[in-house]
Amino acid sequence: MKKFVKVVETNEEVKVNNNSYIPDDFSFSILSKLPLKSLKRFGCVSKSWSLLFENPHFMNMLRNHFLSNNHRSNYGVTLLLLYDNDLPVHYTLYLLSDDRFENRVKLDLPPPIQEVVSTLYILSSTSINGILCLGNLRSRGMVSIFRAVLWNPATAEYMFIPPSPDEDVPPYRDPVCLFDGFGYDHVRDDYKLIRYIIFFDLTDDDEDVPWEDRSYDPLLEIYSLRNNSWRILDIDMRDIAHCAYDQPQDGAAVYMDGVCHWWANNDLFNLTGILVSYDFSNEVLFTTPMLLDMVESCDFIVNRRLVVLNESIALISNYSKPTTFHISILGELGVKESWIKLFIVGPVPSIKCPIGFGKKGICFKQNNDELVWIDINTQIIDEIGVRAEGYSFPMGIYKESLLSIGGINN
Amino acid sequence: MAEEKSQASSSKMLTLKASDGVLFEVELNIAKEMKTVQAYIDDCEDIETIPIPNVLGKHLAIVIEYIKKTNEEYDAEFEKQWNMDDLQLLLLAANYLNISGLQECLCKAIAKRIENKSPEYVRKVFNIENDHSPEEEAKLRKEYKWAFEGVDKD
Chain A
1 MKKFVKVVET NEEVKVNNNS YIPDDFSFSI LSKLPLKSLK RFGCVSKSWS LLFENPHFMN
61 MLRNHFLSNN HRSNYGVTLL LLYDNDLPVH YTLYLLSDDR FENRVKLDLP PPIQEVVSTL
121 YILSSTSING ILCLGNLRSR GMVSIFRAVL WNPATAEYMF IPPSPDEDVP PYRDPVCLFD
181 GFGYDHVRDD YKLIRYIIFF DLTDDDEDVP WEDRSYDPLL EIYSLRNNSW RILDIDMRDI
241 AHCAYDQPQD GAAVYMDGVC HWWANNDLFN LTGILVSYDF SNEVLFTTPM LLDMVESCDF
301 IVNRRLVVLN ESIALISNYS KPTTFHISIL GELGVKESWI KLFIVGPVPS IKCPIGFGKK
361 GICFKQNNDE LVWIDINTQI IDEIGVRAEG YSFPMGIYKE SLLSIGGINN
Chain B
1 MAEEKSQASS SKMLTLKASD GVLFEVELNI AKEMKTVQAY IDDCEDIETI PIPNVLGKHL
61 AIVIEYIKKT NEEYDAEFEK QWNMDDLQLL LLAANYLNIS GLQECLCKAI AKRIENKSPE
121 YVRKVFNIEN DHSPEEEAKL RKEYKWAFEG VDKD
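Note that the protein sequences, when read in sequence, are chains A and B. Position 261 of the first sequence, counting from 1, maps to 261 under our numbering, and the rest follow consecutively. Position 66 of the second sequence, counting from 1, maps to 66 under our numbering, and the rest follow consecutively.
Fair warning: there could be bad hints in the mix.
Said to hold, decoys possible - Below, computed lysine-lysine pairings styled on DSSO-like, alpha-carbon distance capped at 30 Å:
{"hint": "1", "chain 1": "B", "residue 1": "K12", "chain 2": "A", "residue 2": "K341"}
{"hint": "2", "chain 1": "A", "residue 1": "K365", "chain 2": "B", "residue 2": "K12"}
{"hint": "3", "chain 1": "A", "residue 1": "K359", "chain 2": "B", "residue 2": "K108"}
{"hint": "4", "chain 1": "A", "residue 1": "K341", "chain 2": "B", "residue 2": "K112"}
{"hint": "5", "chain 1": "B", "residue 1": "K142", "chain 2": "A", "residue 2": "K336"}
{"hint": "6", "chain 1": "A", "residue 1": "K399", "chain 2": "A", "residue 2": "K359"}
{"hint": "7", "chain 1": "B", "residue 1": "K58", "chain 2": "A", "residue 2": "K399"}
{"hint": "8", "chain 1": "B", "residue 1": "K68", "chain 2": "B", "residue 2": "K80"}
{"hint": "9", "chain 1": "B", "residue 1": "K124", "chain 2": "B", "residue 2": "K112"}
{"hint": "10", "chain 1": "A", "residue 1": "K360", "chain 2": "B", "residue 2": "K32"}
{"hint": "11", "chain 1": "A", "residue 1": "K336", "chain 2": "B", "residue 2": "K145"}
{"hint": "12", "chain 1": "B", "residue 1": "K69", "chain 2": "A", "residue 2": "K360"}
{"hint": "13", "chain 1": "A", "residue 1": "K336", "chain 2": "B", "residue 2": "K139"}
{"hint": "14", "chain 1": "B", "residue 1": "K117", "chain 2": "A", "residue 2": "K359"}
{"hint": "15", "chain 1": "A", "residue 1": "K47", "chain 2": "B", "residue 2": "K117"}
{"hint": "16", "chain 1": "B", "residue 1": "K108", "chain 2": "A", "residue 2": "K336"}
{"hint": "17", "chain 1": "B", "residue 1": "K108", "chain 2": "A", "residue 2": "K399"}
{"hint": "18", "chain 1": "A", "residue 1": "K360", "chain 2": "B", "residue 2": "K80"}
{"hint": "19", "chain 1": "B", "residue 1": "K108", "chain 2": "B", "residue 2": "K153"}
{"hint": "20", "chain 1": "B", "residue 1": "K112", "chain 2": "A", "residue 2": "K359"}
To be verified - Calculated from the model, a selection of chain B residues having no Cβ within reach of chain A, i.e. all distances over 12 Å:
{"hint": "21", "residue": "M34"}
{"hint": "22", "residue": "V37"}
{"hint": "23", "residue": "Q38"}
{"hint": "24", "residue": "A39"}
{"hint": "25", "residue": "Y40"}
{"hint": "26", "residue": "D42"}
{"hint": "27", "residue": "C44"}
{"hint": "28", "residue": "I47"}
{"hint": "29", "residue": "I50"}
{"hint": "30", "residue": "P51"}
{"hint": "31", "residue": "I52"}
{"hint": "32", "residue": "P53"}
{"hint": "33", "residue": "K80"}
Simulated from the structure, these hints should not be mistaken for laboratory data. This structure is a prediction, so every number in the text was calculated from the model and none was measured. Glycine residues also receive a C-beta, built at the ideal position from the N, C-alpha and C atoms.
Please take these sequences and the hints and turn them into a complete structure.
Right, dumping it as C-alpha cells:
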C-alpha cells in the first residue's frame with residue numbers, strides 16, 4: 001500500500017489497517033523528538049521527509065522540543081551570576097528553578113569569595129556532580145593573578161586550588177589566559193582544570209635573564225584534584241595558537257560529557273572559526289573547523305558564543321546590521337558538515353548578547369543591561385526586570401549532589 | 001477557536017498562584033494531577049491563573065517537582081516494556097481514546113526506538129514507500145554520510 005506522509009498536519013481520520021502503522025498526525029510529533037543526526041538520516045525515507053527542515057510547521061515543533069527538552073526536571077536548575085555596579089560592588093549568585101526570575105533563590109558564595117569585587121566567573125558554567133569551580137582574577141599592576149576554588153554549595157565545602165607554578169611570572173613575561181575550563185575525567189574519577197596561557201614580553205624587561213634563556217612559549221596546563229597538582233600538557237597547539245578567544249570571564253567555555261569546548265575565531269571579522277575541544281579522559285585536544293558556507297558573506301559578525309542545548313553543542317552567532325542571532329546545532333562532534341541552523345532571532349536592535357535558554361524562549365541582555373525573554377515562536381520581547389551589569393555571564397546549570405571534594409583529594 | 005491538536009494540549013500552560021503570591025507556570029497535565037486544580041478547571045473553563053490559597057510557594061514548588069518527576073520516571077520505565085508493534089497499537093488506542101498524556105509518552109517512546117535505525121526500518125514503521133529516485137537517495141546518503149555512522153543493523 002502506498003502511503004505518503006503528509007507535509008501539512010490535518011485532523012484526518014485514522015484508517016485502521018491490518019498492519020499497525022503510525023497515524024500521520026503523529027509523524028511530526030515523533031520526528032520532532034529525534035536528534036538532528038537521525039532526522040538527516042531519515043531524509044532518505046521519502047521526498048517529504050527530506051524537506052522536513054524546510055517545513056515551517058515541523059521546524060516550530062522541533063525548536064519547541066529542543067527548548068522544552070533542555071529543561072527536563074532532572075537536568076538541574078539554572079544558575080545565574082549577576083554583577084551589581086552599585087556600591088559596594090558585589091556579585092550575587094542565583095538559582096532559578098523555572099523561568100521565573102521573581103522566584104530566584106540567592107546562593108551564598110563561599111566565605112572567602114563573598115566580598116570579592118574583582119572578576120569572578122564560573123568555569124564551564126556548570127556544576128559537575130554537584131561541584132562548581134569559581135575563578136577569580138585580581139589585578140596586581142599589569143598582571144592578572146588567577147585563583148580558583150572548588151565548591152559544593154549543598155555541603156558548603158570549598159577548597160582553593162593551589163596556583164600553578166608555571167604561570168608564575170618571571171619578570172620578563174606577562175601571562176594571559178586565552179581559555180580555561182573545568183571538567184571531569186571519568187576514567188580516573190578525577191576533577192580537572194585546563195588553562196591555556198600565552199606570554200607577552202614585558203617592556204621594562206629584566207636585563208639579568210639573557211634572551212637565550214627566556215621562554216615565551218604558550219603552555220597548556222592541567223590541574224588534577226586527585227593529585228592536587230598542575231602539570232603541563234605536551235600537545236601540538238599550532239591549530240589553536242593564533243586564534244582569538246572570548247575571555248574566560250565571559251563564560252566562553254562549555255562542558256558536556258567529559259569534554260570542554262571553546263570557540264576560536266581565526267580571522268579579524270569573526271567570519272571563520274574553529275571549535276576547540278579537550279577530552280579530559282583521553283587527554284586529547286581536537287579541533288573541528290567551520291564550513292565556509294555557514295558564513296553569509298556580507299554580514300558583519302559581532303561575536304559567536306557556544307552553549308550546550310539539549311545535550312548538543314550550539315553556536316550562537318551575533319550578526320549586526322540588523323542585529324540578529326543565528327543558532328546552529330552541531331549534529332555530530334568532529335563533523336564540520338553537521339552544523340544545522342535551528343533558530344533565528346531578530347532583527348532585535350535593542351539586544352546586546354544571549355544569556356541562556358528557557359522553556360519557551362531565549363534570555364538576552366539588552367544594550368541597557370536589562371534582561372529580557374524572547375519567545376522563539378512569536379519573537380515577542382518580555383522584560384524581566386533584572387539588570388546584568390558588567391560581564392555578560394551566560395546562564396549555567398547546577399545539579400545538587402553531596403559529593404565531598406576532600407574525599408577525592410587524598 | 002480551532003480545536004487544539006491532542007498532542008498540543010498536553011503542553012498548554014496554566015498558572016498556579018501560591019498563598020504567598022509566588023507564581024508557577026505548569027503544564028496542564030501536571031496541574032490536573034492535583035484533583036483540586038482539576039475541579040477548579042471544571043468549574044471555570046477559561047481560567048488562566050488558579051489561586052492555591054492554602055499552600056506556600058516553597059511547598060507548591062516541591063509538590064510540582066514531585067509530580068513532574070513521577071511522570072518522567074514512569075514514562076522512562078513505561079517505554080521499555082513494549083515492543084514496537086505494541087507501541088504502534090497503543091498509539092492508535094490513545095488517539096482514539098484521546099488521552100493526550102499517553103500520546104506524548106508514546107511518541108517519545110517511539111522516537112527513542114527509531115533514533116538509531118536505518119531509513120529502511122523507519123519506512124516499515126511508518127508504512128511509507130520510498131519515492132526518492134536511486135540517484136536522489138544516493139546523493140542524500142553522500143551529503144549526510146556522517147548521519148549514517150553507528151546505525152543499528154536492521
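Tested hints:
no., hint, in the structure
1, B:K12 - A:K341, "27 Å, holds"
2, A:K365 - B:K12, "28 Å, holds"
3, A:K359 - B:K108, "18 Å, holds"
4, A:K341 - B:K112, "23 Å, holds"
5, B:K142 - A:K336, "15 Å, holds"
6, A:K399 - A:K359, "17 Å, holds"
7, B:K58 - A:K399, "18 Å, holds"
8, B:K68 - B:K80, "19 Å, holds"
9, B:K124 - B:K112, "16 Å, holds"
10, A:K360 - B:K32, "21 Å, holds"
11, A:K336 - B:K145, "12 Å, holds"
12, B:K69 - A:K360, "20 Å, holds"
13, A:K336 - B:K139, "18 Å, holds"
14, B:K117 - A:K359, "29 Å, holds"
15, A:K47 - B:K117, "18 Å, holds"
16, B:K108 - A:K336, "29 Å, holds"
17, B:K108 - A:K399, "24 Å, holds"
18, A:K360 - B:K80, "29 Å, holds"
19, B:K108 - B:K153, "21 Å, holds"
20, B:K112 - A:K359, "21 Å, holds"
21, M34, "17 Å, holds"
22, V37, "17 Å, holds"
23, Q38, "21 Å, holds"
24, A39, "24 Å, holds"
25, Y40, "21 Å, holds"
26, D42, "25 Å, holds"
27, C44, "23 Å, holds"
28, I47, "19 Å, holds"
29, I50, "16 Å, holds"
30, P51, "17 Å, holds"
31, I52, "15 Å, holds"
32, P53, "18 Å, holds"
33, K80, "16 Å, holds"
Of the numbered hints given earlier, the model fails none.
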